[in-house]
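*Asks:* This is what each chain is made of:
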Amino acid sequence: MVSSSDSLGNGFEPKILVFACNWCSYAGADLAGVSRLQMPPNCRVVRVMCSARVRPEFVITALSKGLDGVLVLGCHPGDCHYSEGNYFTRRRGLLLRKLLEYVGIEPERFQVRWVSASEGAKFAETVERVTEQIRALGPNRPRSEVLPTEPGDK
Amino acid sequence: MQDKLQEVVRKLLAEGAVEYFIGYCQSSQPHRAVPCFVSDESEVEKLVWGPLCGQNLSKYVLRANELEGKVGILLKGCDTRAIVELIKQHQIERDKIVAIGVPCQGQVDGRKLEKALGVSLEQVTNVEDAGDGFLVTVGEETKKVPKEEVLLDKCFRCKHPYAFPYDVTLGEVVPFTIEADVGEYAAVEELEALPIEERRAFWRKQFERCIRCNACREACYACYCKECLFDRKMPRWLAAPPLLSENEMYHLIRAVHLAGRCIDCGECQRVCPVNIPLGSLYRKIQKDVAELFDYEAGMEMDTVPPLVNFELDDQDPFL
Amino acid sequence: MDRKKISKSDLGQWLDKIAEEYELIGPAEEDEVVQFRPVKSSSELTLDYANSLLPPKSLFFPPVEELFSYQKRGEEIKLEQTKPLEKDRVVVGIRKCDVESLLLLDKVFCEDLVDAAYKERRDRTALIGLACPTPPRAACFCTSFDIDPLSPEGTDILLRDVGEAYLVDVATEKGQELVGLAGKLFSKLTKKEAEELQPPPVDMPKMDLSELGEKLEGMWEDPLWDKLSLPCLGCGICTYVCPTCHCFDIADVGSTSDGVRYRCWDSCMYKDFALMTSGVNPRATKAERARNRYFHKFSTFPSRYGTGYACVGCGRCLVHCPGGVEITEVMQEILAKEGAGE
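Residue numbers (our numbering), protein chains in the order written: chain A, 515 to 668; chain B, 896 to 1214; chain C, 62 to 403.
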């Protein structure tokens, strides 16, 4: 998965993977859409039943293989549809962000946010903010290092 | 101590209390103690104990699951942390193990000893504990080397969980302390202090060296999965060739999988054939787990591992 | 065979001359580990060393190499073979055990089926060997395989340390060419020197291995393999540090339209090595994999390729095995068995 950019990073469009939990964040994303809120198109959303479904290896794989950022969205703590899932997400997220920063990956590239089903505006704002933060950081990997994974990727 | 050990093991074997005993014995190279599996009384005299027994043998107890009976094992304090975690993680039952505790007063790091002596390690024929130093014999000469010059890094941080319920102890098991100028997480803090691009360059260089021999995984007590994620073919997480992206994934994923389980035994770094400073990576995970979740692996039998647990008031910077 | 002399202080100059025309590779220390690396100048070399961590087979059969890249556009497919070498190379400081290992690997990669990349690297690389110090490492046992650490066989040049200088045994035309790059630095030996300047013989206990293969053949069901499976962690380090091991894996990395085919090292000690798509694993237990390793080294390789045993006694596996498995002990246990077939 390659982001298109020239050597100066001009015209760089980050590719960001978003995991959104079915009950809260994904519904919030829907609400943002229905409300016609404008958002940059860089985020690719993958729906999961609970944010706790996101294993750290998903995030690490995404970043190692060249994606520019990963965002995990879940219900507010206390409001998880499965009662406790997001408490685990919270712990994992804390640990993972610190580890990634330790190996030199900017903390903005992996973020966790709580977005409820009624927070369409928050979803839009989060997408906008994260996209701009990562755009300013530039590509995660130099293009020459990223292995192609989709047809037409080179 | 060595004689007492042999006596105890002889008794265990004679009584049929264990199918075999896992300890250390001298390898054909005098400076190296290696794992030893003794199943017959005639082999007991091979067993040794001394400052060259730094290796963590705990992973071998998992073989007891395939046996009808029990296995015996010689455990230093630090090694018991692995046993505690294996029990907590439901990988072995306590009653499958006959644990022999031994008072350890620090173990020698071969590389540091070479540096301190200025000779190749294989010329060392004997090392003995002598209080604040080690008596090291090279050829005809024996000299005393101060402990702080040659101890394994982990010995400076000895926590010795002596609450571990051994079956037998060879003498009183006392904690080992040494004055160390280095902070607990010194190596980690050194890296944390660097600017982020330098850290990235540092780790990139290390991961590029990796040849993915998987020795760190096999040596780690906590990597006991029957099918490791990295061996799965459908879907395939890691491509086989040791490319930078794959190596990064390997090490980072292994690090998070060990969160709350790494006991700082140092086996991963010891076995790495290309000298990647894995200790600096895993100490970071240990530091974060200790700071964020107030947990240290293997210290207590009745605490819940942090990654399968939560507190309602856990830190939450994600609002 | 031509014998000359070069002083230790002049050696660097000669090697630097070589580095101008060729890619010079030799043992160099980085982060406390000695490995064979390309160097720009002789000052980067560490010739005062026991042996490298990874064997120099990695210069001919690398841990990972690109074979070719592919590109599909519409119906058109383009394949581009990756060049194995840019420049001709000279490897300095290689030990005789590692040289012998290359001769064994040549049987695998250069005979029935020629591996183009390996062959090109071999053909375009000259070897300047370095005779071993006395005593060698405690873990060394090359003489048991009738390897002479002081003979230039297999190299283009063999350097032998005699105190203030090196004796330079030039074995091939290529060697002459290399010496010619700085001919003035070399001197002929006087009669006195020829008699007196001899490095001490390499003192190493030698095992009698003549019956090893035969005795091994009778041990297919021997309990030795179960015994070995206890300390063995299945980590694969023995394979990765062994100069004669050559198992590899091929992997395509990329998409359906663009990608690269790689070859990388693999180890028969891994659980999944022999696993087949049907799910059948002919070597599912550690004991079977341990057995396979020793049979390959001491029985199947020799009979398949008509060579001696596929071990050169470098001792790396012995030094690095975390479980303390020692190949010399295994060999001695095999030799101690009562005759074949009993």
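Honestly, the hints are just simulated from the structure, not real lab data. Careful: at least some of the hints might be erroneous.
[Said to hold, decoys possible] Ranges between beta-carbon positions, derived for each pair:
#	chain 1	residue 1	chain 2	residue 2	range
1	A	ARG657	C	TYR366	41 to 47 Å
2	C	LYS245	B	ARG1006	39 to 45 Å
3	C	GLU147	A	SER658	16 to 22 Å
4	B	GLN1210	C	ILE311	22 to 28 Å
5	B	MET896	C	GLU282	35 to 41 Å
6	B	GLY1066	C	LYS267	39 to 45 Å
7	C	GLU390	A	ARG561	53 to 59 Å
8	A	MET563	B	TYR1119	24 to 30 Å
9	A	MET563	C	GLU390	53 to 59 Å
10	B	ARG1006	C	GLU254	38 to 44 Å
11	C	LEU396	B	GLY1066	38 to 44 Å
For glycine and all other residues, C-beta sits at the position ideal for the given N, C-alpha and C.
*Asks:* Against each hint, give a clear statement of whether it holds in the structure.
*Replies:* Do the hints match the structure? See the list:
no.	hint	in the structure
1	ARG657/A / TYR366/C: 41 to 47 Å	45 Å, holds
2	LYS245/C / ARG1006/B: 39 to 45 Å	42 Å, holds
3	GLU147/C / SER658/A: 16 to 22 Å	18 Å, holds
4	GLN1210/B / ILE311/C: 22 to 28 Å	47 Å, violated
5	MET896/B / GLU282/C: 35 to 41 Å	40 Å, holds
6	GLY1066/B / LYS267/C: 39 to 45 Å	44 Å, holds
7	GLU390/C / ARG561/A: 53 to 59 Å	58 Å, holds
8	MET563/A / TYR1119/B: 24 to 30 Å	28 Å, holds
9	MET563/A / GLU390/C: 53 to 59 Å	55 Å, holds
10	ARG1006/B / GLU254/C: 38 to 44 Å	40 Å, holds
11	LEU396/C / GLY1066/B: 38 to 44 Å	41 Å, holds
In the structure shown, a violation is registered for the earlier hint numbered 4 alone.
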